[in-house]
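Sequences listed follow chains A and B, in order. Position 57 of the first sequence, counted from 1, bears residue number 57 in the working numbering, the numbering being contiguous throughout. Going from the second sequence to the working numbering is simple: count from 1 and add 302.
What the hints contain is simulated information worked out from the structure, not anything from laboratory work. Since the structure is predicted, the reported quantities are computational estimates derived from the model, not experimental observations. Idealized CB from N, CA, C, for every residue including glycine. There's no promise every hint is true.
Claimed, not checked - Heads up, simulated DSBU-like pairs for lysine-lysine below, C-alpha to C-alpha not over 30 Å straight-line: (1) A:K88 <-> B:K355; (2) A:K164 <-> B:K355; (3) A:K3 <-> A:K252; (4) B:K355 <-> A:K37; (5) A:K156 <-> A:K32; (6) A:K2 <-> A:K294; (7) A:K87 <-> B:K350; (8) A:K244 <-> B:K355; (9) A:K85 <-> B:K355; (10) A:K256 <-> A:K221; (11) B:K637 <-> B:K684; (12) A:K197 <-> A:K294; (13) A:K294 <-> A:K244; (14) B:K350 <-> A:K88; (15) B:K350 <-> A:K85; (16) B:K355 <-> A:K195; (17) A:K87 <-> B:K355; (18) B:K637 <-> A:K37; (19) A:K197 <-> B:K355; (20) A:K32 <-> A:K2; (21) A:K197 <-> B:K350; (22) A:K85 <-> B:K524; (23) A:K2 <-> A:K37.
As the list claims (entries may be wrong) - Cβ-Cβ distance ranges computed for the label pairs, FRET-style: (24) A:T241 <-> B:E495: 35 to 43 Å; (25) A:E168 <-> B:A489: 50 to 58 Å; (26) A:R290 <-> B:Y518: 15 to 23 Å; (27) A:V49 <-> B:L305: 47 to 55 Å; (28) A:Y56 <-> B:R458: 25 to 33 Å.
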Amino acid sequence: MKKTIPDIELMERGHQACLGCGAAHAMRYLLKGLGPKTIAAIPACCWAVIPGVYPYSCMDVPLQYVAFETTGASISGIEAALRAKGKKEGTTVVGWAGDGGTLDIGIQALSGAVERGHDVKYVCYDNEAYMNTGIQRSSATPFGAWTTTTPVGTTKAWKLSPKKNIVEIMVAHDIPYACTASVAYPEDLIKKAQKMKDITGPCFMHIYAPCPTGWKYPPEKTIELARLATDTCIFPLYEVTNGKYRITKRIKDEKKKDVLDYLRMQGRFKSLDEGAIQSIRDHVDFEWARLLRKEECFGEEQ
Amino acid sequence: MKLVLSGNEAAAYGAMLARAEVISAYPITPQTKIVEKIADLIADGRFKTEFIKVESEHSAMAACISASLVGARTFTATSSQGLLLMHEMLHWASGSRTPVVMVNINRAVAPPWSVWADQTDSIAQRDTGWIQYYCESCQEVVDTIMQAYRVCEDPRVLLPAMLSEDAFFLSHTSEIVDLPPQEELDAFLGTYEPDVRLDIDNPRSFGSLSMPHQWYPEFRYKIQEGMEHAVEAIERVDREYGSLFGRSYGGLLDLYRCEDADTVIVAAGSMCSTIRAAIEELRSEGVKVGMARIRVFRPFPTEAFRALAKDVRSLVVLDRSFSMGSEGAFFSEVKAALYPLSDRPDVRGFAVGIGGRDITIETIRSIITDSLRPDTGITAQKWVGLRRCEE
Ligand SMILES: Cc1ncc(C[n+]2csc(CCOP(=O)(O)OP(=O)(O)O)c2C)c(N)n1
Ligand code: SF4
Ligand SMILES: [Mg+2]
Chain A
1 MKKTIPDIEL
11 MERGHQACLG
21 CGAAHAMRYL
31 LKGLGPKTIA
41 AIPACCWAVI
51 PGVYPYSCMD
61 VPLQYVAFET
71 TGASISGIEA
81 ALRAKGKKEG
91 TTVVGWAGDG
101 GTLDIGIQAL
111 SGAVERGHDV
121 KYVCYDNEAY
131 MNTGIQRSSA
141 TPFGAWTTTT
151 PVGTTKAWKL
161 SPKKNIVEIM
171 VAHDIPYACT
181 ASVAYPEDLI
191 KKAQKMKDIT
201 GPCFMHIYAP
211 CPTGWKYPPE
221 KTIELARLAT
231 DTCIFPLYEV
241 TNGKYRITKR
251 IKDEKKKDVL
261 DYLRMQGRFK
271 SLDEGAIQSI
281 RDHVDFEWAR
291 LLRKEECFGE
301 EQ
Chain B
303 MKLVLSGNEA
313 AAYGAMLARA
323 EVISAYPITP
333 QTKIVEKIAD
343 LIADGRFKTE
353 FIKVESEHSA
363 MAACISASLV
373 GARTFTATSS
383 QGLLLMHEML
393 HWASGSRTPV
403 VMVNINRAVA
413 PPWSVWADQT
423 DSIAQRDTGW
433 IQYYCESCQE
443 VVDTIMQAYR
453 VCEDPRVLLP
463 AMLSEDAFFL
473 SHTSEIVDLP
483 PQEELDAFLG
493 TYEPDVRLDI
503 DNPRSFGSLS
513 MPHQWYPEFR
523 YKIQEGMEHA
533 VEAIERVDRE
543 YGSLFGRSYG
553 GLLDLYRCED
563 ADTVIVAAGS
573 MCSTIRAAIE
583 ELRSEGVKVG
593 MARIRVFRPF
603 PTEAFRALAK
613 DVRSLVVLDR
623 SFSMGSEGAF
633 FSEVKAALYP
643 LSDRPDVRGF
653 AVGIGGRDIT
663 IETIRSIITD
673 SLRPDTGITA
683 QKWVGLRRCE
693 E
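Throw the hints in and build the complete structure from the sequences for me.
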């Protein structure tokens, strides 16, 4: 039987993530794609804790822990220094940050790094809130979600604004390559990681990484939930190469699942009323139609 | 080679002569000429370096730290608001034990907006674990950049250093600067070769979590040990530089005409040149006065002050900054250094030149006259030359 996932393990056993953590899978797969000649920078986030407490680490690649908002700047510095030392050839520099560290506090440094055109890979694992500090909303938290700072209460005070679209922000930078990926589709994720490794210049990957602790669902449901996110078109898998869109996991209309299947699995959506659910459905449909149109208009030539 | 250089240009030449391999900096008045000059030197093919034109000072320092962890010699420059924005990363640099060298142009802090000389910006960084030099001349800027890399990259020190220059008084004043031959500077500096670095052939983690019962306090203590080693290294490197290039600056505390002085003025930065001129006048009138220039504020020249205090009747401390709710940092720290001595000189403090207000020979003379008045016991620090509303 042909293996579809590389054997190499650069994230060892013994990490400190919660049971069922999507972000733990995400790192394991990413490193399988990027390979051992990788230097990583990780800011404050769950992943600042997951590798282990000094002097232990589950990581087999060199790693710098960096300040929360500095991932883009830190990988710029690593890349520049490797070039100054004549060591850049063959080495991949990756920044690995949460949604908060990417879409919120770190967006300036990320934007700077991409605009300057460093040969760096930036990967955001998205668990849709600040989990390390105890489930506060971020700009990646979707409309309707409960978090400790959107606590619903008696006034339907769930997250009221929509999720920020970070991939489009990256595309607006004329980035050579931006993509989404999911822990439910590891082959797709790894293929995209390998692609990023081979591109010279900035690349961005947005990984959907469910969090049982923050989303309030049983840990064994992580992969099922991630799969549903894509199958409902809530989190479509696609890539944008030099501005050309390509959907990598096509969802046929008749196979498309209803958002309710997805929402019902998670405690963070349990208070939503019919109106809110319908507005989520409408928003998902609108965004999916828009993506299809983008692919149609700005797709790769057949 | 002799060139006419401003303090800003001297900083750019210093970075080039030190062969900084990665530079990451963001412009701010009055430091802009440093980044522009570096860009020119690179554009003209004279300076081979990786210059990251970052989108903020916070990123500038973050990039320097990471580059340094890869093993590159790094340089940056900033001022005032930019330095304050870096504050978090200044701690990160010392905690990471990265020997980043930075030039800071001492500029007042807003509001109200002011771009003129004031040392509040760097004094406010005193607890960040950075070595702090204060320069008096453009020549000293070049020479101190060389010295700073030697000190910072010493494996027993491994700490970052900032060199401060007063806004405009130094950053924009030109003087003849002697640049030693590159080969001799190369021999003096060597290359930066850290034992551990971000290296794919030897994967290690830098900065992982440490619990209270594990190693956190020990890591912090080692920074203090680095500072203690820095005292010796700063003195030694300054002497060695002097023997090689003919210029040294008194190590941590630069003494001027203190041999027989009854009164010694303590100050830092560009005002020290004015103080030298005032001392000449006062001496010709028979007043036995000298100066102890704080060249290095961190590590603090505690021993040098104690040695000086033995033969001096009074110290007059001038701060171009003020810690609100307390007093100027120099004033506090000089007193603290002398406290264990049984026979202490009288110490008086003056806040002067705040926000770039001019310090003239007359200003210094009036401070000395004020200080020579009979002992009034412990005195609070005085703000010199404050205007009144009616004016
Ligand atoms: C400057 C700064 N502000 C705030 C924090 C506190 N903090 C640490 S991690 C974090 C949230 C991280 O969220 P995200 O990036 O989404 O990663 P996650 O924890 O969800 O994996 C916050 C707010 C910090 N470390 N530094
Ligand atoms: S809180 Fe969520 S993201 Fe963080 S370790 Fe636990 S499961 Fe993973
Ligand atoms: Mg998060």
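Quick rundown of the hints versus the structure:
Between K88 (chain A) and K355 (chain B), the direct Cα distance comes to roughly 19 Å. Compliance with the 30 Å bound is thereby established for this hinted pair. Annotation: proposed proximity of K164 (chain A) to K355 (chain B) holds, straight-line Cα distance about 27 Å (limit 30 Å). Straight-line distance between C-alpha atoms of K3 (chain A) and K252 (chain A) comes to about 27 Å, which keeps the hinted pair within the 30 Å bound. At roughly 27 Å between alpha-carbon atoms, K355 (chain B) and K37 (chain A) fall within 30 Å of each other, so this suggested pair holds.
A distance of roughly 43 Å separates the Cα atoms of K156 (chain A) and K32 (chain A); the hinted pair therefore is violated under the 30 Å criterion. Taking the CA atoms of K2 (chain A) and K294 (chain A), the gap is about 34 Å. The hint is violated against a cut of 30 Å. Restraint check for K87 (chain A) and K350 (chain B): satisfied, since their Cα atoms lie roughly 16 Å apart, inside the 30 Å limit. Restraint check for K244 (chain A) and K355 (chain B): the C-alpha separation of about 29 Å stays at or below 30 Å, so the hint holds.
Restraint check for K85 (chain A) and K355 (chain B): the C-alpha separation of about 19 Å stays at or below 30 Å, so the hint holds. Under the criterion of a C-alpha separation no larger than 30 Å, the hint pairing K256 (chain A) with K221 (chain A) is consistent with the structure, at around 19 Å. For the hint linking K637 (chain B) to K684 (chain B), the alpha-carbon distance of about 15 Å falls within 30 Å, and the restraint holds. Note on K197 (chain A) and K294 (chain A): the hinted pairing holds, with a Cα-Cα distance of about 25 Å set against a maximum of 30 Å.
The straight-line distance between the Cα atoms of K294 (chain A) and K244 (chain A) is roughly 9 Å, inside the 30 Å bound, and the hint therefore holds. For the hint pairing K350 (chain B) with K88 (chain A), the CA-to-CA distance comes to about 16 Å; that is within 30 Å, so the pair holds. About 12 Å separates the Cα atoms of K350 (chain B) and K85 (chain A), which keeps this hinted pair within 30 Å; it holds. Under the criterion of a C-alpha separation no larger than 30 Å, the hint pairing K355 (chain B) with K195 (chain A) is consistent with the structure, at around 28 Å.
Straight-line distance between C-alpha atoms of K87 (chain A) and K355 (chain B) comes to about 21 Å, which keeps the hinted pair within the 30 Å bound. Only pairs whose Cα atoms come within 30 Å are accepted, and K637 (chain B) paired with K37 (chain A) is rejected, the gap being roughly 54 Å. Distance restraint check for K197 (chain A) and K355 (chain B): the Cα-Cα separation of roughly 24 Å lies within the 30 Å cut-off, and the hinted pair is therefore satisfied. Restraint check for K32 (chain A) and K2 (chain A): the C-alpha separation of about 16 Å stays at or below 30 Å, so the hint holds.
A threshold of 30 Å between alpha carbons decides the hint, and for K197 (chain A) with K350 (chain B) the separation of about 27 Å falls inside it, so the pair holds. Simply put, K85 (chain A) and K524 (chain B) have alpha-carbon atoms about 28 Å apart, close enough for the 30 Å limit, and the pair holds. Taking the CA atoms of K2 (chain A) and K37 (chain A), the gap is near 25 Å; set against the 30 Å cutoff, the hint holds. Against the hinted window of 35 to 43 Å, the Cβ-Cβ separation of T241 (chain A) and E495 (chain B) comes to about 40 Å, which satisfies the hint.
Checked against the hint of 50 to 58 Å, the pair E168 (chain A) and A489 (chain B) passes, with Cβ atoms roughly 54 Å apart. R290 (chain A) and Y518 (chain B) have their C-beta atoms about 49 Å apart, which leaves the hinted 15 to 23 Å range violated. Between V49 (chain A) and L305 (chain B) the Cβ separation comes to about 52 Å, which falls inside the hinted range of 47 to 55 Å. Look at Y56 (chain A) against R458 (chain B): about 27 Å separates their beta carbons, and that is inside 25 to 33 Å.
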